[in-house]
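> Sequence:
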Amino acid sequence: MVPLGREFFDRPVVDVARDLIGVTLLVDGVGGPLVEVEAYDRADPASHSFRGPTPRNAAMFGPPGHAYVYRIYGMHWCLNFVCQPGSAVLIRALEPLHGTPLMAARRGSVGPRQLCAGPGRLCQALGVDLTQNGLPLDQAPFALLPAGESGDIATGPRIGITKGVETPWRFARPGSPFLSKPLR
DNA sequence: AGGATGATTGCCT
DNA sequence: GGCAATCATCCTC
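For the first sequence, the numbering used here begins at 1287 and goes up steadily by one.
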């Protein structure tokens, strides 16, 4: 198994995204196995990095294996894992397994499948905001635990974008009840 | 300096 | 299924 340090992330972003399915993400001990992610890279019109570095996307051009957090629609946070320069993996959904009472307290009264199904919901459940932007993923508050077994992985078009809509860079555990949207 | 937009979510019909 | 919320960012003038 490839260790989840810098060398894991210093690879083509699509390879990293695939390999992240099943990896357990914890933020201060709260989290679970990733079931849905998306890849974005420098040559991709849907990516924040497409038009080059700016203050907001600076972390995307920093070292691999760090967090890139940004605010979307003026109200939600989205968490990414930075790979090679200008590329990152958007963390879209995970299976709530560790610290679920704290997740529920943060998310309000929603069912277990709604705790971390979507990038904004996941950040709310795990307490992610701008204070984690740029932090290394191999140190507290983050922890990444290698996947146990590599099950099936489905691919499809990414969600919520208006450019690059055909690019099939969404990766998910097929049939998982914890996805933001179903994917075969 | 001004305005359109967004890697979303939840509430309404 | 449709649409409002809500505001920092970034493009255009």
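Be aware that one or more of the hints could be misleading.
[As the list claims (entries may be wrong)] Derived Cβ-Cβ restraints for the label pairs, each shown as a range:
1. Pro-1463 <-> Pro-1371: 34 to 40 Å
2. Ala-1329 <-> Ile-1358: 19 to 25 Å
3. Pro-1463 <-> Gly-1338: 36 to 42 Å
4. Arg-1297 <-> Glu-1452: 21 to 27 Å
FYI, nobody ran anything at the bench for these hints, they're computed from the structure.
The beta-carbon is built from N, C-alpha and C at its ideal position, and this holds for glycine as well.
> If a hint holds in the structure, say so; if it does not, say that too.
Here is how each hint holds up against the structure:
1. Checked against the hint of 34 to 40 Å, the pair Pro-1463 and Pro-1371 passes, with Cβ atoms roughly 36 Å apart.
2. Remark: the range hint 19 to 25 Å for Ala-1329 to Ile-1358 is upheld by a beta-carbon distance near 22 Å.
3. Checked against the hint of 36 to 42 Å, the pair Pro-1463 and Gly-1338 passes, with Cβ atoms roughly 39 Å apart.
4. The hinted window of 21 to 27 Å between Arg-1297 and Glu-1452 holds, with their beta carbons roughly 23 Å apart.
The structure is consistent with each of the numbered hints, conforming to all of them.
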